[in-house]
Amino acid sequence: MGGSFRGIEVEGLVREFGKGFRAVDGVDLRVEPGEIYGFLGPNGAGKSTTVLMLTTLLPPTAGVARVAGYDVVKQGAEVRSTIGAALQEAALDPFLTGREHLALQAAMHGIGRKERRGRAVELLERVGLTEAADRRVGGYSGGMKRRLDLALALVHGPRILFLDEPTTGLDPQSRSALWDEVSRLAKEGVTVFLTTQYLEEADALADRVGIIDHGKIVAEDTPDALKAEVGRSSIEARPADPRDLDDVARVLEQFGEPIAAANGSAAVRLEDKSQGLADVVRALDRQDLRVAGLELNEPSLDDVYLAKTGRKLEGAGDREEGTA
Amino acid sequence: MAGAVAWRGIHNFFLNPALVIPALLFPLFFLAAFAGGLSRVADIPSFDFPAGYTAFQFVWILLQTVAIGGAFTGFAIARDFERGFARRYMLAAPRRGGIILGYVVVSLVRVTVTGGVATLVALVSGMQVLGSGVDLFGLLGLALLVNVAATLFSIGMAMLLRTSSGGFLIQTPIFVATFLSPVFVPLELLDGWIEAVASVNPVTFILQAGRGFVAGDPTGVALAFGLAIALVLVMLPWAFFGLRRAEKAG
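The listed protein sequences correspond, in order, to chains A and B. If you want our numbering, it's the 1-based position in the first sequence plus 193. If you want our numbering, it's the 1-based position in the second sequence plus 221.
Quick caveat, the hints were computed from the structure, so don't treat them as lab data. As the structure is a computational prediction, the values presented were derived from the model and not from experiment. Built from N, CA and C at the ideal position, the CB exists for glycine as well. Please note that the accuracy of each hint is not assured.
Here are the simulated DSS-like pairs of lysine-lysine, each with C-alpha atoms no more than 25 Å apart in a straight line [unchecked claim]:
1) A:Lys501 / A:Lys409
2) B:Lys469 / A:Lys267
3) A:Lys212 / B:Lys469
4) A:Lys409 / B:Lys469
Counterexamples of contact, computed for chain A against chain B with all Cβ distances above 10 Å [as the list claims (entries may be wrong)]:
5) Thr249
6) Ala270
7) Ala278
Hey, can you work out the whole structure from these sequences and the hints?
As structure tokens, this is what we get:
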């Protein structure tokens, strides 16, 4: 691995705990500069352990990892100076205000007193905490803490940002605000390594997704490519008059192979990706068939996860918490 | 890095009554209970301390206060690990040794306040000081070295344990080491196992030199400073050992 690459390069990363239990078991990945990389998996899959190693907070048992061209084991100080991280639990001091946190974080990074004030004002505004800036964070909501944590991670203008489940436990509005901010950061050229257990989060934000299960990466590509790999879109139609079911099914068969459908409906898997609902509606209309419901089902990352691991992602970690 | 760690520790100490009140009450309680309640000890014929019993006790209370101040810093570190704040330090620090230095500065500032209050109360309650300004500077120097040694011990312990429930293991060795010394009477009046232990305990020599400073008759100063510096030098690698263990544990 070359030292000039400014993204993240990982080869054969391993972390063992206790009696040989491998939380991370030979992970290889490469994140390009400026990319949002979604690291998807259930609780206990090895996401956070990987982040801890990449941020120099935990030494790997084996393997090599370079962040911004620096080795995480041999050049920890250089790695830390180029990265920002908002870890799973926003570690904030309840006795400090938001502004004091930013001043403290800036001081830790060696930013001068004058520059600290300006940076704090800018970041507080950026994450929408200007009004709450002088309140102790003990009284902040979960969403406010997360936003402050993100601001703290950005104090020194890092080129690479690690976000470990940044939206876990947030309400939809706070989640959406954080997504917007992450997208904005990526547009500004910041490389984002985002771990999440939310499929829609990875789908909405990530340029590429790595799916980790039992410490191993089981799939990695763009969300669209991963979904295309596991299957094509399907269309399901429910006739307005149940007696038309066979006729509706015959029309649908022009677009693909029949698949199982709910009672009283017909469904096909589309053969041609360019065909969509509009074509089916026109074909049904030509036959004078009326439908009560028509649904286009795109494959999801959950389908990808199911195909790669044999399990649904939702709740997979909860069932395995005891073993990981 | 050290400045940032120190700023937060000092800020929280002064703004949090739950931290500042016990730290102040500790020496005041000892002063009332030992110097006040046991003042008749001075009537023992072979008790010969020219500055009186309050001054005799005060030196031990001061050293106990600064040593326990180090333990309190250890508690704060354990809490930082428990609540995840220590990771913020670990993540930002280019050189993590600065974290140790920052905590030592916090501890020194804390005990300057608590030791200062204890001294003021002792003086107000009639403590005699026969030593000169130079002598008192010597006592201050010993107290600061004891604080640094106790703080380094506590840092190592707290970083090794990384949980508040380990507070007992941080405080007890310091507490025991300071008590296994001539606390209430001079070494010559001790007897049995306590005399045997106290006569080899480094705290005894530091305590006796401190009492000499207050009495205006400094004795065993070089040995006391040598031992205090040695304690610091022994505890420094111990603190770094704790830091390395914390780094390995993530």
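Hints, one by one, checked against the model:
no.	hint	result
1	A:Lys501 / A:Lys409	11 Å, holds
2	B:Lys469 / A:Lys267	14 Å, holds
3	A:Lys212 / B:Lys469	16 Å, holds
4	A:Lys409 / B:Lys469	22 Å, holds
5	Thr249	8 Å, violated
6	Ala270	4 Å, violated
7	Ala278	6 Å, violated
The structure is inconsistent with the numbered hints 5, 6 and 7, although it conforms to all the rest.
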